[in-house]
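The primary structure of each chain is shown beneath.
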Amino acid sequence: MKYILTLASLFYISCSNIGNPDKTMRKFTSLELNESNVTLNTNGNFTIFTTFVDNGTEYFANLNKNKILISSLSSRKLIDTINVLFDNKQTEKYGSISSFCFNGKDSLYLLLSRAILFIKNKKLTKTIFINELDTVQYNKMRFANLEDAPIYYDKKTNELIGQIYCSKCKQVDSAFYKSNILGHISLETGKLKTYNITFSEKYISDYYGFANHVYIQSRDSFSIVSFPCEEKMFELNRFTNNITSIYEKSIYQTAKASALDRSLSDSREEKMRHLTTVPYYSQILYDPYRELYYRFFLKNITLKNKDGKYNTFKDKGIVLMVINKEFVVLNEYELNNNLNPYFSFVTKEGLFIKEKTFDTNDSTVFKIIKIKN
Amino acid sequence: MFLLGCKTPDQNSKLNEKSEDVASYFHNELATQIPNDGIVIILQNQKCSSCRQNTFETLVNKYLKKKQQEKIFILSKSDIDLEKTISVLQNTKIIYDTKHKLKDYGLDYSTDLCFIFSNHKLKKYFEISNIELEKLKDLN
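Going down the list, the sequences are from chains A and B.
Counted the way the numbering used here counts, the first sequence spans residues 1 to 373.
Counted the way the numbering used here counts, the second sequence spans residues 1001 to 1140.
Hints are computed from structural coordinates only; laboratory data are not their basis.
Note that beta-carbon positions come from the ideal geometry of N, C-alpha and C, so glycine has one too.
Incorrect hints may have been included.
Derived Cβ-Cβ restraints for the label pairs, each shown as a range [what the hints assert, rightly or not]:
hint	chain 1	residue 1	chain 2	residue 2	range
1	B	GLN1053	A	LYS314	37 to 43 Å
2	B	LYS1123	A	VAL38	52 to 58 Å
3	B	GLN1053	A	TYR289	48 to 54 Å
4	A	CYS169	B	HIS1120	43 to 49 Å
5	B	ASN1012	A	PHE28	46 to 52 Å
6	B	LYS1123	A	SER167	37 to 43 Å
7	A	THR57	B	LYS1135	57 to 63 Å
8	A	ASP87	B	HIS1120	54 to 60 Å
9	A	THR189	B	ASP1081	43 to 49 Å
Straight line, CA to CA, 25 Å or less: simulated DMTMM-like cross-link-like pairs of lysine to aspartate or glutamate [unchecked claim]:
hint	chain 1	residue 1	chain 2	residue 2
10	A	LYS155	A	GLU188
11	B	LYS1121	B	GLU1020
12	A	LYS314	B	GLU1029
13	B	LYS1077	A	ASP315
14	A	LYS314	B	GLU1017
15	B	LYS1099	A	GLU355
16	A	LYS304	B	ASP1079
17	B	LYS1101	A	ASP307
18	B	LYS1103	A	GLU269
19	A	LYS232	A	ASP287
20	A	LYS309	B	ASP1010
21	A	LYS304	B	GLU1127
22	A	LYS309	B	GLU1017
23	B	LYS1014	A	ASP315
24	B	LYS1077	A	GLU269
25	A	LYS306	B	GLU1029
26	A	LYS372	A	GLU355
Using the sequences and the accompanying hints, generate a full structural model.
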């Protein structure tokens, strides 16, 4: 009986709504919003980055040209680099890097397509092979950062948290969306386990083409999950297995996200048009210093602009939703289109968002948005 | 038989729309007109040009080599591998979309496109992929 109860509690997943499941909780609050710019030396353009705190100092780290560059966010200076250059044999063995995170300045975890590497004091000290086709646990799934779900090191459990997906399912089929999307790998045993959280009902019943990204941000015992065409956001308490669903619709969303006919799944053009025009919820970040959530919303737009020219995804207006810890929307701000929410993170100073630049400078400019209650 | 030869209203409006998009690009950006009988191939800017080389070579060898019509290639920038493959064809012209104007006309969805014009009309267009190339025999 004891065992049955233990098992039952292990597999028990509870779901709850906060507020009305179809209505956004709002309490208009006039917030003080200060903007400033900061330049960091990133050695040029980059796509993979992270932030971390070590002994009270905040750091920004980005991957560039086989090196991880670490900058101090207080001095704005590059303070260290870690070489992650692999030879051809190692590259074949481990694959390419899709995400990394730190547990203090000296402990680096790298997620590659075929392995997780633990680098301590710049030396490779542990390798966990993942996504091996011939093993039972990776028979149907892969552990990978497909784009917007960076890995997170959970100190309490000594596990890496990250995105998983059904590798045997076609993305046009609902089976892909019914599969779990979050997993955890024990750094002790190397075993992968999954959390019982999938795409939302909306994605299981309808097809949204390229607008099927999974946005995941993990912290402490929580992981926040958001999908582009879904007004709801979800918070998983990984310790209790409780999923909280909150309806957080932007006031700038003026149309429903239309679904795509599954017969159009082979047409890149139709999927890109859909992606360009639909209302789109992207990154979601938690600000522990101000106890706020920031959710980015990209406005629904018409296929063509007033001049008759076609719009592109980059033409979608950007909105920042500011949400308090009780999930009440306090305010929403239209941001300059020159900002890229994909490159955003939170520090003591505020919310950093990268400016879109196409120059070849070594440095990257971020706008800092500081919000005061 | 008649039914098989007909295009649905959806297909027709899609063809008309794409025909207008290509015509507007030619008129506004190239100060010229779409070919009466010819093939327009748009090869988009891709990080991995070699990734599409096999598919593009199949299009050239399986289909384009047999066609006498003018073949206009629109490239985002000069690409030695693509130009070498194109050089085996006759009656070709290469245009560079250096100002990235294709996107304004709905012609840049990060996929390569092929437009076939006949008797002043767009007869067919398709995204250049292995799946579509399998269907090419229908056009011969």
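Regarding GLN1053/B and TYR289/A, is the given constraint of 48 to 54 Å on their beta-carbon distance met?
Given a distance of about 50 Å, which is inside 48 to 54 Å, the answer is holds.
Pair hint LYS232/A and ASP287/A, alpha-carbon separation not exceeding 25 Å:
holds (19 Å)
Is the straight-line distance between the alpha-carbon of LYS1099/B and that of GLU355/A 25 Å or less?
holds (22 Å)
Straight-line alpha-carbon gap LYS155/A to GLU188/A, limit 25 Å
With a Cα-Cα distance of about 12 Å, the restraint between LYS155/A and GLU188/A holds, given a limit of 25 Å.
For the pair supplied as a hint, LYS314/A and GLU1017/B, confirm whether the alpha-carbon distance does not exceed 25 Å.
holds (23 Å)
Does LYS309/A pair with ASP1010/B here, judged by a C-alpha cut-off of 25 Å?
holds (22 Å)
Starting from LYS1014/B, check that the Cα of ASP315/A is at most 25 Å away, please.
Since the Cα atoms of LYS1014/B and ASP315/A sit roughly 23 Å apart, the hinted pair holds (cutoff 25 Å).
What's the verdict on LYS314/A and GLU1029/B, does the C-alpha distance respect the 25 Å limit or exceed it?
Measuring from Cα to Cα gives roughly 22 Å; hence the hint holds.
Do the alpha carbons of LYS1077/B and GLU269/A lie within 25 Å of each other, as the hint requires?
Holds, at roughly 21 Å.
LYS1135/B and THR57/A - C-beta distance against the hinted 57 to 63 Å:
60 Å Cβ-Cβ, so the 57 to 63 Å window holds.
Pair hint LYS306/A and GLU1029/B, alpha-carbon separation not exceeding 25 Å:
holds (18 Å)
Verify the CB-CB distance for GLN1053/B and LYS314/A against the hinted window 37 to 43 Å.
For GLN1053/B and LYS314/A the Cβ distance comes to about 28 Å; the hint is violated.
Hint check: violations occur at hints 1 and 16; the rest are consistent with the structure.
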